[in-house]
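K.L.:
Chains as they are written, first to last, in full-length UniProt numbering: chain Z, 1 to 285; chain D, 1 to 285; chain V, 1 to 285; chain A, 1 to 285.
Treat the hints with caution; some may be incorrect.
Chain copies aren't distinguished; within one or between two, either way the pair holds.
List of simulated lysine to any residue pairs, SDA-like, C-alpha gap at most 20 angstroms [as the list claims (entries may be wrong)]:
#, residue 1, residue 2
1, K22, S66
2, K280, R212
3, K253, Q264
4, K154, H139
5, K253, H102
6, K109, D249
7, K280, N248
8, K132, S110
9, K96, G111
10, K132, A150
11, K22, R70
12, K109, E128
13, K253, H272
14, K253, R240
Calculated from the structure, these hints are not laboratory results.
Protein chains: 4
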Amino acid sequence: MSTPNTIVALLHGPDRAGLVAKTSGWIYENGGNILHADQHRDMAAEIFFQRIEWTAAPSGLAADASLFKRFAETLGMTVRVADAARRTKVAIFVSKFDHCFHDLILRWKSGDHACDIVAIVSNHRDLEAAAKGYGLPYHYIPVAAGTKAAAETKQLELLDQLGIELVIMARYMQVLSADFLAKCANRPVINIHHSFLPAFAGGRPYQQAHERGVKLIGATAHYATPVLDDGPIIQQDVVRVTHRHGVNDLVRKGRDLEKIVLAQAVRWHLEHRVLVYGNKTVVFD
Amino acid sequence: MSTPNTIVALLHGPDRAGLVAKTSGWIYENGGNILHADQHRDMAAEIFFQRIEWTAAPSGLAADASLFKRFAETLGMTVRVADAARRTKVAIFVSKFDHCFHDLILRWKSGDHACDIVAIVSNHRDLEAAAKGYGLPYHYIPVAAGTKAAAETKQLELLDQLGIELVIMARYMQVLSADFLAKCANRPVINIHHSFLPAFAGGRPYQQAHERGVKLIGATAHYATPVLDDGPIIQQDVVRVTHRHGVNDLVRKGRDLEKIVLAQAVRWHLEHRVLVYGNKTVVFD
Amino acid sequence: MSTPNTIVALLHGPDRAGLVAKTSGWIYENGGNILHADQHRDMAAEIFFQRIEWTAAPSGLAADASLFKRFAETLGMTVRVADAARRTKVAIFVSKFDHCFHDLILRWKSGDHACDIVAIVSNHRDLEAAAKGYGLPYHYIPVAAGTKAAAETKQLELLDQLGIELVIMARYMQVLSADFLAKCANRPVINIHHSFLPAFAGGRPYQQAHERGVKLIGATAHYATPVLDDGPIIQQDVVRVTHRHGVNDLVRKGRDLEKIVLAQAVRWHLEHRVLVYGNKTVVFD
Amino acid sequence: MSTPNTIVALLHGPDRAGLVAKTSGWIYENGGNILHADQHRDMAAEIFFQRIEWTAAPSGLAADASLFKRFAETLGMTVRVADAARRTKVAIFVSKFDHCFHDLILRWKSGDHACDIVAIVSNHRDLEAAAKGYGLPYHYIPVAAGTKAAAETKQLELLDQLGIELVIMARYMQVLSADFLAKCANRPVINIHHSFLPAFAGGRPYQQAHERGVKLIGATAHYATPVLDDGPIIQQDVVRVTHRHGVNDLVRKGRDLEKIVLAQAVRWHLEHRVLVYGNKTVVFD
Numbered sequence: 001m002s003t004p005n006t007i008v009a010l011l012h013g014p015d016r017a018g019l020v021a022k023t024s025g026w027i028y029e030n031g032g033n034i035l036h037a038d039q040h041r042d043m044a045a046e047i048f049f050q051r052i053e054w055t056a057a058p059s060g061l062a063a064d065a066s067l068f069k070r071f072a073e074t075l076g077m078t079v080r081v082a083d084a085a086r087r088t089k090v091a092i093f094v095s096k097f098d099h100c101f102h103d104l105i106l107r108w109k110s111g112d113h114a115c116d117i118v119a120i121v122s123n124h125r126d127l128e129a130a131a132k133g134y135g136l137p138y139h140y141i142p143v144a145a146g147t148k149a150a151a152e153t154k155q156l157e158l159l160d161q162l163g164i165e166l167v168i169m170a171r172y173m174q175v176l177s178a179d180f181l182a183k184c185a186n187r188p189v190i191n192i193h194h195s196f197l198p199a200f201a202g203g204r205p206y207q208q209a210h211e212r213g214v215k216l217i218g219a220t221a222h223y224a225t226p227v228l229d230d231g232p233i234i235q236q237d238v239v240r241v242t243h244r245h246g247v248n249d250l251v252r253k254g255r256d257l258e259k260i261v262l263a264q265a266v267r268w269h270l271e272h273r274v275l276v277y278g279n280k281t282v283v284f285d
Numbered sequence: 001m002s003t004p005n006t007i008v009a010l011l012h013g014p015d016r017a018g019l020v021a022k023t024s025g026w027i028y029e030n031g032g033n034i035l036h037a038d039q040h041r042d043m044a045a046e047i048f049f050q051r052i053e054w055t056a057a058p059s060g061l062a063a064d065a066s067l068f069k070r071f072a073e074t075l076g077m078t079v080r081v082a083d084a085a086r087r088t089k090v091a092i093f094v095s096k097f098d099h100c101f102h103d104l105i106l107r108w109k110s111g112d113h114a115c116d117i118v119a120i121v122s123n124h125r126d127l128e129a130a131a132k133g134y135g136l137p138y139h140y141i142p143v144a145a146g147t148k149a150a151a152e153t154k155q156l157e158l159l160d161q162l163g164i165e166l167v168i169m170a171r172y173m174q175v176l177s178a179d180f181l182a183k184c185a186n187r188p189v190i191n192i193h194h195s196f197l198p199a200f201a202g203g204r205p206y207q208q209a210h211e212r213g214v215k216l217i218g219a220t221a222h223y224a225t226p227v228l229d230d231g232p233i234i235q236q237d238v239v240r241v242t243h244r245h246g247v248n249d250l251v252r253k254g255r256d257l258e259k260i261v262l263a264q265a266v267r268w269h270l271e272h273r274v275l276v277y278g279n280k281t282v283v284f285d
Numbered sequence: 001m002s003t004p005n006t007i008v009a010l011l012h013g014p015d016r017a018g019l020v021a022k023t024s025g026w027i028y029e030n031g032g033n034i035l036h037a038d039q040h041r042d043m044a045a046e047i048f049f050q051r052i053e054w055t056a057a058p059s060g061l062a063a064d065a066s067l068f069k070r071f072a073e074t075l076g077m078t079v080r081v082a083d084a085a086r087r088t089k090v091a092i093f094v095s096k097f098d099h100c101f102h103d104l105i106l107r108w109k110s111g112d113h114a115c116d117i118v119a120i121v122s123n124h125r126d127l128e129a130a131a132k133g134y135g136l137p138y139h140y141i142p143v144a145a146g147t148k149a150a151a152e153t154k155q156l157e158l159l160d161q162l163g164i165e166l167v168i169m170a171r172y173m174q175v176l177s178a179d180f181l182a183k184c185a186n187r188p189v190i191n192i193h194h195s196f197l198p199a200f201a202g203g204r205p206y207q208q209a210h211e212r213g214v215k216l217i218g219a220t221a222h223y224a225t226p227v228l229d230d231g232p233i234i235q236q237d238v239v240r241v242t243h244r245h246g247v248n249d250l251v252r253k254g255r256d257l258e259k260i261v262l263a264q265a266v267r268w269h270l271e272h273r274v275l276v277y278g279n280k281t282v283v284f285d
Numbered sequence: 001m002s003t004p005n006t007i008v009a010l011l012h013g014p015d016r017a018g019l020v021a022k023t024s025g026w027i028y029e030n031g032g033n034i035l036h037a038d039q040h041r042d043m044a045a046e047i048f049f050q051r052i053e054w055t056a057a058p059s060g061l062a063a064d065a066s067l068f069k070r071f072a073e074t075l076g077m078t079v080r081v082a083d084a085a086r087r088t089k090v091a092i093f094v095s096k097f098d099h100c101f102h103d104l105i106l107r108w109k110s111g112d113h114a115c116d117i118v119a120i121v122s123n124h125r126d127l128e129a130a131a132k133g134y135g136l137p138y139h140y141i142p143v144a145a146g147t148k149a150a151a152e153t154k155q156l157e158l159l160d161q162l163g164i165e166l167v168i169m170a171r172y173m174q175v176l177s178a179d180f181l182a183k184c185a186n187r188p189v190i191n192i193h194h195s196f197l198p199a200f201a202g203g204r205p206y207q208q209a210h211e212r213g214v215k216l217i218g219a220t221a222h223y224a225t226p227v228l229d230d231g232p233i234i235q236q237d238v239v240r241v242t243h244r245h246g247v248n249d250l251v252r253k254g255r256d257l258e259k260i261v262l263a264q265a266v267r268w269h270l271e272h273r274v275l276v277y278g279n280k281t282v283v284f285d
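If we strip away everything but chain Z, and leave its shape as in the complex, we get:
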């Protein structure tokens, strides 16, 4: 959890001497107190990564954030700066499966995920009553053969209108088009895939896993990109299965994995702990 009046910056760029000293020096000189500072160097690529979190005077918080950004850019860094207390606006996309849906909402209600869930979007009506029971607006946007492009246009209008900053695909059973994702460039989309990627990408991964006879099944939370199931991986986990488990058992056991892996990825994203570069993530946990 972030303390009030803290700023979080995520930066990366070409490595060079003195970067830690310079960013921490700037914060100290500007009256900030560093709470957390994590660095990483990709030795092969010679890239420097940093997540740094510091307290600032409440009055000067916005100004400090933008001054720091400008300063870090003079060091050649690509920078994202956030007021840690500001709550990200989230839309959850669902279809018929409800386990990730309930899980995300209950975690949010218990205070684990510091965000504002402002919309549930679905291509089915199945979870409408449950969403309303939680007091959440439900947007039913059906997708039929031939209407996908129109549906996506509607979805994008809604996301724009509500100022959505993060889309969570909580077992939403439609592939988002490259066009949709391109229009979400500044609005990350987190997906949960029910396999240990890159194994069993695409459809029916539990069926695929059962057929191959693997001894562990997995789940993968990743940022969605135009290439299906190929985006930067945020978190993965596995659970043991045996020959005694049929496909239905895999589905059941996988639900717990999906919930936990997706929730963990969402939490890290909301806390500004995930930095994407190339097709990988650096997770400062």
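Assemble chains D, V and A onto chain Z, guided by the hints.
P.N.:
Frame of chain Z, contents of chains D, V and A only:
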């Protein structure tokens, strides 16, 4: 560990009523005492699987084993029967990596693996001194471009001559030909692949894993078949990695995985716990 | 999941030759078809354990169950027999924490737990609205200094009246008295303790774990007995923590463990997979 | 692995603003390049912890290390500084069990543990031949009833004489006296205990675990202190067991845990990643 004078039978065949009663009834009527009996049913395929272990009078052990086999075949079962105390003759194939090599030999010396290691076979001389230090015969059979077929012929002659019943590829860095494997039909070959198959089959799996940015790396022990890295999986495990781990760290962390996964698979095989059907295994652990 | 018209028997008693043959023979002769049969021998104690599941004609199911029980008792076995399709009547005890409460109810609603949840019992009003939202009767029985005995009497009357067969303490924050538990002799009570027992029994286990500086925290589901946190363990699991995690993080991370471990234990209990002997369990999973 | 010409500093002391800026600023001004810098704050205790690793000119390495130490002390920090390339002198204490012994030596030979193993010390002769096979000096110091104090005096003389900086108890089956440990104040002693501490401290932990019926067994690597099995925990891990596993199986399965947990703790210690405060560790991994 098996108690002395015990017989182990592995059977599978079309499911039908009364199989458990009939096999256990036969053993009881013939004076045996069942120590372990595990069944599995593949409900979709309607196949029955059983591993059953019982004590017999020392004098009648061989006779009982062969009588039981004949009886179970009358039930439509495919049967393998073994004297549990008989030690399987094993050859270990190695190249230059020595971690699985030392691990298997030390487990064997400590009594974990009830087998006879009768040959170390290698395409390099690197581990010759170590093998001799353990008192084990070392067979250097180099493999060069164009000499592979000849080398495999030599290997097969050696395996035949020594009566080898199990080949363990302990990071042996040559792909065995389909021809070699066909000639090993009654002599299983266990391989350790350093990834969570089916992800990252083929060469340089740690490099592949690092490039994809996975958050867990794995190892897979499987029976070798003519299709590379595609045989029935016996055991798999994974370990967590982060962005901080370079390829070398993956290699280092993976070594522990490889050792444990391979040793577990070998142990199960030696204890007659693994039954292959189709491209999968039933492991009665 | 059990198929319709199946009987499950759990038996244990002094080991002797022919037990597998006799129980499976009886079932075969009586027209049953064995679906699953698992045995275990405690070699040191010379006790035989078995879980056996078979189909019977719908008409004869009750009769067969009671005949089998009588037969197995002639073999010296202690036997419990159940109609696999019969749903156990469950009461969930809660206080203020709601994570296990929601988790159990959502699993039940999704069909994972084949039981009837017929009462939520609580010493607080906090979860009343949520219970009613799920359509579940909520029994508020406050417990104050000096009123515990009276409250337990009320609870027992309620359990008797509703025919409750299993009590789940879903983070119910009162220690049940030895007297209460004695009166629940035929009505098991499953508790979730938020540590890896026997480490950190008693109060505030996360605080204790944090103070000791352990690198893994755990959760334990066990049958409640008069000795606090000492009953037969059904399931345990752990999750990694580091020096970066404060007590609040342990509490948060522990919630997922508690949910999964408790749900797993409840599932095994409902499927008649857990056999208690001495202070231990045999879990036929 | 540390790059050549790097310095590692571990510091901790009262938290205050500007510590990151000051230490990193000093290094930058003195021509160093920071490779890794990890910080931790114990918010409750208001203590700051840091591990910082930087390159220095080969010629000035020793001078820089000592200058930095003096500088950090002016900030109120307790500081340890090491030349990352300097190899720690290690003695391994063993009795009869050989699994951790072989494991540590093979890892060291493979380059995983950058130290000098200069002595094997044992109260038995069992591993003498194996040690000599590895080319390692073996010091047989028997311990009998009444001779323990004399034996410890001999051990301490040996450790002093050889300049030993780390003692590893690789299943050494004698409790070291408080007096011995006091005399090792500047020479840490790492012990592997074969349970998930604080559960099953003291003797025969696998027997204790079996009797309690736990579903996971563990191993714990910790610094030895005068209170038995109570020192700061460096690393722990667990593995699943079932009712099918007897005490001997627990012993066998535990061996892999013990090897891996001990090796990991030793590796972290050798890389100057472990900082002890109070009875806990901060592990900068």
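K.L.:
Compare the structure with each hint and give your call.
P.N.:
Hint check results:
{"no.": "1", "hint": "K22 / S66", "in the structure": "within (16 angstroms within a copy, 23 angstroms between copies)"}
{"no.": "2", "hint": "K280 / R212", "in the structure": "between (27 angstroms within a copy, 7 angstroms between copies)"}
{"no.": "3", "hint": "K253 / Q264", "in the structure": "both (18 angstroms within a copy, 10 angstroms between copies)"}
{"no.": "4", "hint": "K154 / H139", "in the structure": "within (10 angstroms within a copy, 46 angstroms between copies)"}
{"no.": "5", "hint": "K253 / H102", "in the structure": "both (17 angstroms within a copy, 18 angstroms between copies)"}
{"no.": "6", "hint": "K109 / D249", "in the structure": "between (29 angstroms within a copy, 17 angstroms between copies)"}
{"no.": "7", "hint": "K280 / N248", "in the structure": "between (32 angstroms within a copy, 18 angstroms between copies)"}
{"no.": "8", "hint": "K132 / S110", "in the structure": "both (18 angstroms within a copy, 19 angstroms between copies)"}
{"no.": "9", "hint": "K96 / G111", "in the structure": "between (25 angstroms within a copy, 15 angstroms between copies)"}
{"no.": "10", "hint": "K132 / A150", "in the structure": "neither (25 angstroms within a copy, 40 angstroms between copies)"}
{"no.": "11", "hint": "K22 / R70", "in the structure": "within (13 angstroms within a copy, 22 angstroms between copies)"}
{"no.": "12", "hint": "K109 / E128", "in the structure": "both (18 angstroms within a copy, 16 angstroms between copies)"}
{"no.": "13", "hint": "K253 / H272", "in the structure": "between (30 angstroms within a copy, 19 angstroms between copies)"}
{"no.": "14", "hint": "K253 / R240", "in the structure": "both (9 angstroms within a copy, 17 angstroms between copies)"}
Going through the hint list in order, the structure does not satisfy hint 10, though it satisfies all others.
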